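Student: Here's the letter readout for the chains.
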Amino acid sequence: MQLQLMMSSGFSVFRVGISFVIMCSFYMPTVDSLLELSPQKYFSTLQPGKASLAYFCQADSPRTSVFLEELNEAVRPLQDYGISVAKVNCVKEEISRYCGKEKDLMKAYLFKGNILLREFPTDTLFDVNAIVAHVLFALLFNEVKYITNLEDLQNIENALKGKANIIFSYVRATGIPEHRAVMEAAFVYGTTYQFVLTTEIALLESLGSEDVEYAHLYFFHCKLVLDLTQQCRRTLMEQPLTTLNIHLFIKTMKAPLLTEVAEDPQQVSTVHLQLGLPLVFIVSQQATYEADRRTAEWVAWRLLGKAGVLLLLRDSLEVNIPQHANVVFKRAEKGVPVEFLVLHDVDLIISHVEHNTHIEEIQEDEDDDMEGPDIDDQDDEVAETVFRDRKRKLPLELTVELTEETFNATVTASDSIVLFYAGWQAVSMAFLQSYVDVAVKLKGTSTMLLTRINCADWSDVCTKQNVTEFPIVKMYKKGENPVSYAGMLGTKDLLKFIQLNRISYPVNITSIQEAEEYLSGELYKDLISYSSVSVLGLFSPTMTTAKEDFSEAGNYLKGYVITGIYSEEDVLLLSNKYAASLPALLLARHTEGKIESIPLANTHAEDIVQIVTDALLEMFPEITVENLPSYFRLQKPLLILFSDGSINPQYKKAILTLVKQKYLDSLTPCWLNLKNTPVGRRILRAYFDPLPPLPVLVLVNLHSGGQVFAFPSDQAIIEENLVLWLKKLEAGLENHITILPAQEWKPPLPAYDFLSMMDAATSQHSTRKIPKCMKETDVQENDKEQHEDKSAVRKEPIETLRIKHWNRSNWFKEAEKSFRHDKEL
Amino acid sequence: MGLSAAAPLWGPPGLLLAIALHPALSVPPRRDYCVLGAGPAGLQMAYFLQRAGRDYEVFERAPRPGSFFTRFPRHRKLISINKRYTGKANAEFNLRHDWNSLLSHDPRLLFRQYSRAYFPDARDMVRYLGDFADTLGLRVQYNTTIAHITLDKDRRAWNGHYFILTDQKGQVHQCSVLLVATGLSVPNQVDFPGSENVEGYESVSIDPEDFIGQNVLILGRGNSAFETAENILGVTNFIHMLSRSRVRLSWATHYVGDLRAINNGLLDTYQLKSLDGLLESDLRDLAILKDSKGKFHVTLKFFLEEASTNQSADAITLPQDDNDNFAMRVPYDRVIRCLGWNFDFSIFNKSLRLNSGNAFGKKYPLIRASYESKGSRGLFILGTASHSVDYRKSAGGFIHGFRYTVRAVHRLLEHRHHSVAWPATELPITQLTSSIVRRVNEASGLYQMFGVLADVILLKENAMAFEYLEEFPIQMLAQLETLTGRKARHGLFVINMEYGRNFSGPDKDVFFDDRSVGHTEDAWQSNFLHPVIYYYRYLPTEQEVRFRPAHWPLPRPTAIHHIVEDFLTDWTAPIGHILPLRRFLENCLDTDLRSFYAESCFLFALTRQKLPPFCQQGYLRMQGLVSTESLRQHRVESRLLRDDAPMGRDLEDSSQHPGDQELLGAPLAPGPLAQSLDSNKEEL
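Chains as they are written, first to last, in the numbering used here: chain A, 1163 to 1987; chain B, 4 to 687.
Treat the hints with care, as some may be off.
Said to hold, decoys possible - No more than 30 angstroms apart at the CA atoms, straight line, and that leaves these computed lysine-lysine pairs for DSSO-like:
id : chain 1 : residue 1 : chain 2 : residue 2
1  : A       : K1626     : B       : K80
2  : A       : K1687     : A       : K1636
3  : B       : K366      : B       : K377
4  : B       : K613      : A       : K1626
5  : B       : K396      : A       : K1636
6  : A       : K1555     : B       : K91
7  : A       : K1908     : B       : K366
8  : B       : K490      : A       : K1626
9  : A       : K1654     : B       : K613
10 : A       : K1837     : B       : K511
11 : A       : K1798     : B       : K613
12 : A       : K1756     : A       : K1824
13 : A       : K1814     : A       : K1890
14 : A       : K1496     : A       : K1413
15 : B       : K366      : B       : K511
16 : A       : K1739     : A       : K1654
17 : B       : K91       : A       : K1908
18 : A       : K1636     : B       : K511
19 : A       : K1889     : B       : K91
20 : B       : K86       : A       : K1626
21 : A       : K1325     : A       : K1468
22 : B       : K80       : B       : K366
23 : A       : K1890     : B       : K613
24 : B       : K91       : A       : K1553
25 : A       : K1889     : A       : K1815
26 : A       : K1908     : B       : K463
27 : B       : K377      : B       : K86
28 : A       : K1626     : A       : K1687
29 : A       : K1325     : A       : K1416
30 : A       : K1908     : A       : K1889
Simulated from the structure, these hints should not be mistaken for lab results. Just so it is clear, the structure is predicted and the values come from calculations on it, not from any experiment.
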């Protein structure tokens, strides 16, 4: 209702400010998507004075098109300006004259009330920017004058001298984003300023502009001009043409050119600071007041739009400023102390400001690219991702939540896995997700009970179980000591651990036939996928110590590899078959179908563990995130073949041949599949610039020196070339392509230095004043806004300004009080 | 047993002589530890000694534990809160709001099993203490009043001497270590003319009927004074309350020993002019005269001295003679003294050199911050009597405070006499932030004994691991190595809980606007109890601890961190609490304490020569944290990880130097503050 009223009394009335626009959209029924109506229905919705954009199309036209998508997107922004948007389906029964004859001739029409303002061919409205720009352009016909030559501009200028200011802009074409930005600004400021628009490059050039390929916006200060022969001063907006930038620019144009103050510069705040612009105080004293004022005005004109300029009256100042300082510079950043400068040339003032603003711009550019590092920004990827994921509901019901009361009963009643975690710890919560995934995968198939206990609640239980860090996974099995899981904190490895622990280790094999089944993988067919190697210890029945050692090792390795023991009387049959002398280990590699034997003589449990762990390593593995640590441990340089997808069998063969010929003993040869391990791309990027074609073979000396060598990409990866390259490497004849950075891991960002803050506070003896000061500035800021809305403050003598401040802050407090009162009621 | 049974045969008078004459014949029973008093502190110590399997004995004058509580407080309402519900399951956290329980492993021995009242009845405390001693089987000799204690020098003794305790029957007990937990048992009496006319809190009637229509003057302004007043407020004509200094309200001072709101009904009637009133004057300047009608008049000692010959009340000058609006010009029917309690020094022989403290703590024996007497080694004061350490600061004079200081003393003794180092957990540095977050969120000892007991983190070489020690008496920080048996060679953190520096005080408005701080950068201005972490590169010296800056609980550190106060005392907010803490720790240790997924560690392992601690201690030991798909998605969105784009785009933005490549959003170089912390280090 409100909106209608406004519209009928003309556009000029409701264009008070953005805030009003927001209110409009608030009161309007918000329709986010495009209305679809029949012509009859559409015309019945038109309200007097209200603008509406309608796209007429054939009922049988495709439901989606690029234009409709863009139009749909324009619904919301146009609604903000009180303009409704509709798609009108022309049905046969009710033919409207707006319905074109052919599909191609469909058009959009802008109505005000039921008066047609304009029709748009759809290609004019090529995107959402064009739609908004053109619609506003049509509606703001009076407020925005479109001109094509200098004469038009001069006429407008002359007509407005002493009356109003002009905002002149050049855009390369109508409908582009810059055009939309200008139109949106005109919507808000069109009554205050005369907007003038051109797309003629010649016109811009005649104003003496440079870089004419870009959009330009000038502020013509015509209101001040009383002598008609005089030209209006012009201020060029230097920022790119966006709605926000134009808004900020106009705000600085509105601000008083020069303000006189007699306050501590540290406490002074004007609209400039809020807009991120610095303040320049020209220090003046009674004796030189007139001259200083002229200088200041001159500086103010030069710095218009770049900084606020104030005349600081030293004589009536309560705080001391350095004797010789004639300029005070205050940055927009909060908390930065003011600079006292001695500058004897106005150009120095200008360059000081421009220099300092320049830095700011660079920072802004960086900001656009990536958020600037801020102490309060999370830079821990685990904490950040867990936080972002906090609202997702996990199927936690698949795991049993334990408490102090249920813990003991549960872990003694059934074989259980317990996850000890802390609800507030990010790493715990990240792992909890994998844990739940394991529960999902095992659902209904496992005899192992998956449980969890939140140590933030049940601290004592965790301490009693000797859990002092999080997360920890322990397995509780009847009659056994609890075992801590020591593998990767991920679904795959934990699942493997749980599955392999379905049986106890080492498995006692009781017949030759069973042993053969065990070695072939038949015996534990379902477990082979989790352990590619099965280990069988062969002992004669009398070798008790050796058996004990092996059993200990097998127990230690449980959950990671399948181990079995055979020590029947006929063990010799097996040892002879596999050419092993007792005691021995048989290693069955199921993927390769190979069985090898390793002799054990006086080998202690730890050494057996080592032998088995080493045996698990492959000769030429595909390196992955999961298995790198096992190979990394060997402390040898890595020879990595980066492959985009599966490895070419020829390369594999070539490298395996070299392995067999012992050429690669001092290296760890491996290959990386970029499809399985996409992070490999970033590794390549760290090695190469530019990236060579794949596959690429690289030698990385990780543990001593960090040099990276690349096998020449123009050579074929065949044995001879590789041998030659390796020899050259050994002889030091190859140049490395890069050296990996040896930087230490330092704190990513500084911390708050509370000690200095406390020192500063005690040295000032002002700890109690701090909140007070903050309050005052708040009030002042609010004040400022009040001033601006009235937009009448110009060159007022300092005293009145102050009194006004005081009054307004009082008023503000009163207002606040009554507001509170209202709330109570 | 045999010896103690034999002892009575000798008879009390001849005993000492007998020992002197026939030492071989009559070796008195010897204990490693003797505890005096089976009150809360004595039983608490007995519990720890029992758990550690030590040779100890508790001596109790009464037939049951907690005899003080059988009579006091006179009006039977304890003002220690018995908060049975907190909404949390964490037993350690819940002790923050349970002010009556003693520490034990047995959840049945929590006070909430004994009373449902928020302010429980004293009889429940007696019952509780009795059960505590019985259930745990603590060794207490009841009905044994230790009448005299002397020192017997002996080079073989742990401390170079034995403590010789003689009981009322003349039985002698020899002790290597003496733990005194006798509390404050002597009513404090101020000597002034007419003080004989004054009734004491300990014996005054508690029946309001006895006060009907009377004018009552109460001396004192503590909880017992107000408790007494509260009881008779409704039946008296008026109550006036007289004390040396202004009333101290516990909610303004944050000290539980000051006047609790539950007792302050009289303040209400005073300020509403309901005839009751509060006056301030030094009692020692006063005199109380009894007139012919048996009424009491307040006058000044000075007037009395002038007219020393004639003691008749009617003749003595009264202040109102000169000053006719003198406040206490009305005669009183009763004067009641509620001036608190003193430690009973009488049983200690001079050789023990157990002296009373300075002007402020005259009622307490003088002890070190380790609770050991300054006069004799091996003599420790526990419980209420040990409150001189934190008088008017923390809770060391109350059950909810001294249960922790007793534990601290026990830990010191375990190390001193049994070579059991102070318990500590050793953890990898990646657990540093978590271990602090865990403690500040649940630890009750830190919370109750703020400013007195603090956690200490001792860093290992290269700061790759640390030891976490709980609840160490921080005033003894300089002696940490000798007292705990732990080494502090590579720097340390101290985790203390503090109120804001200027927040607490009897005249402070604790409800002022902006009293709480919400922004992390203002955390140092937090007013309510909040964790503060001190970082020292070296263990401070005794000098540094003694001459620390005024109002600082600890010497000036290399760096300090305040975790911003929290309305819910829940310091687990990822950005508000944990992140700033991590940054602080990182900058102190000059390292990166972030956690990383295995994939990031993989990348670092292949593109850098060094790895962050989290990857070293997790991933490289095959314990990397694998990201799930949904977390990976968030990782890409958060821009902490660049999506591993297809090749085409790679080529476009591979213009950076491979060496400087930004692997994660934040730069790896140390920021400006890292340097400033460093420069601080240099200065110190």
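Student: Take the hints in turn and mark each one as holding or not.
Tutor: Hint by hint, here is what the structure shows:
About 37 angstroms separates the Cα atoms of K1626 (chain A) and K80 (chain B), which puts this hinted pair outside 30 angstroms; it is violated. Note on K1687 (chain A) and K1636 (chain A): the hinted pairing holds, with a Cα-Cα distance of about 26 angstroms set against a maximum of 30 angstroms. The suggested pairing of K366 (chain B) with K377 (chain B) holds, with an alpha-carbon distance near 16 angstroms, which does not exceed 30 angstroms. Proximity of K613 (chain B) to K1626 (chain A) is assessed by CA-CA distance (about 36 angstroms); at most 30 angstroms being required, the pair is judged violated.
For a cut-off of 30 angstroms, the pair hint linking K396 (chain B) to K1636 (chain A) is broken: about 44 angstroms separates their Cα positions. Only pairs whose Cα atoms come within 30 angstroms are accepted, and K1555 (chain A) paired with K91 (chain B) is accepted, the gap being roughly 22 angstroms. With a C-alpha separation of about 53 angstroms, the suggested pairing of K1908 (chain A) with K366 (chain B) is violated against the 30 angstroms cut-off. Distance hint between K490 (chain B) and K1626 (chain A) is fulfilled; the C-alpha atoms sit about 26 angstroms from each other, no more than 30 angstroms.
Among the hinted pairs, K1654 (chain A) with K613 (chain B) is consistent with the structure: their alpha-carbon atoms are about 27 angstroms apart, no more than 30 angstroms. Between K1837 (chain A) and K511 (chain B) the alpha-carbon distance is near 67 angstroms, which puts this suggested pair outside the 30 angstroms criterion. In summary, the hint linking K1798 (chain A) to K613 (chain B) is supported, as the alpha carbons are separated by about 15 angstroms, within the 30 angstroms threshold. A distance of roughly 20 angstroms separates the Cα atoms of K1756 (chain A) and K1824 (chain A); the hinted pair therefore holds under the 30 angstroms criterion.
The hinted pair formed by K1814 (chain A) and K1890 (chain A) meets the criterion: a straight-line CA distance of about 22 angstroms does not exceed 30 angstroms. Annotation: proposed proximity of K1496 (chain A) to K1413 (chain A) holds, straight-line Cα distance about 20 angstroms (limit 30 angstroms). As the CA atoms of K366 (chain B) and K511 (chain B) are separated by approximately 27 angstroms, the hinted pair is consistent with the 30 angstroms bound. Proximity of K1739 (chain A) to K1654 (chain A) is assessed by CA-CA distance (about 36 angstroms); at most 30 angstroms being required, the pair is judged violated.
Distance check on the hinted pair: K91 (chain B) and K1908 (chain A) sit about 38 angstroms apart at the alpha-carbon level, beyond 30 angstroms; violated. Between K1636 (chain A) and K511 (chain B) the CA atoms are separated by roughly 52 angstroms; this puts the pair beyond 30 angstroms, and the hint is violated. Note on K1889 (chain A) and K91 (chain B): the hinted pairing is violated, with a Cα-Cα distance of about 68 angstroms set against a maximum of 30 angstroms. Annotation: proposed proximity of K86 (chain B) to K1626 (chain A) holds, straight-line Cα distance about 25 angstroms (limit 30 angstroms).
Under the criterion of a C-alpha separation no larger than 30 angstroms, the hint pairing K1325 (chain A) with K1468 (chain A) is consistent with the structure, at around 25 angstroms. Distance check on the hinted pair: K80 (chain B) and K366 (chain B) sit about 24 angstroms apart at the alpha-carbon level, within 30 angstroms; holds. Restraint check for K1890 (chain A) and K613 (chain B): satisfied, since their Cα atoms lie roughly 27 angstroms apart, inside the 30 angstroms limit. The hinted pair formed by K91 (chain B) and K1553 (chain A) meets the criterion: a straight-line CA distance of about 22 angstroms does not exceed 30 angstroms.
Of the pairs offered as hints, the one joining K1889 (chain A) and K1815 (chain A) holds, with about 20 angstroms between alpha carbons and a cut-off of 30 angstroms not exceeded. Pair hint K1908 (chain A) plus K463 (chain B) holds up; C-alpha atoms about 18 angstroms apart against a cutoff of 30 angstroms. A hinted pair counts as satisfied when its Cα atoms are at most 30 angstroms apart, and K377 (chain B) with K86 (chain B) does not qualify at roughly 37 angstroms. Taken as a hint, the K1626 (chain A) and K1687 (chain A) pair is broken in the structure, with Cα atoms around 39 angstroms apart against an allowance of 30 angstroms.
Taking the CA atoms of K1325 (chain A) and K1416 (chain A), the gap is near 15 angstroms; set against the 30 angstroms cutoff, the hint holds. Straight-line distance between C-alpha atoms of K1908 (chain A) and K1889 (chain A) comes to about 38 angstroms, which puts the hinted pair past the 30 angstroms bound.
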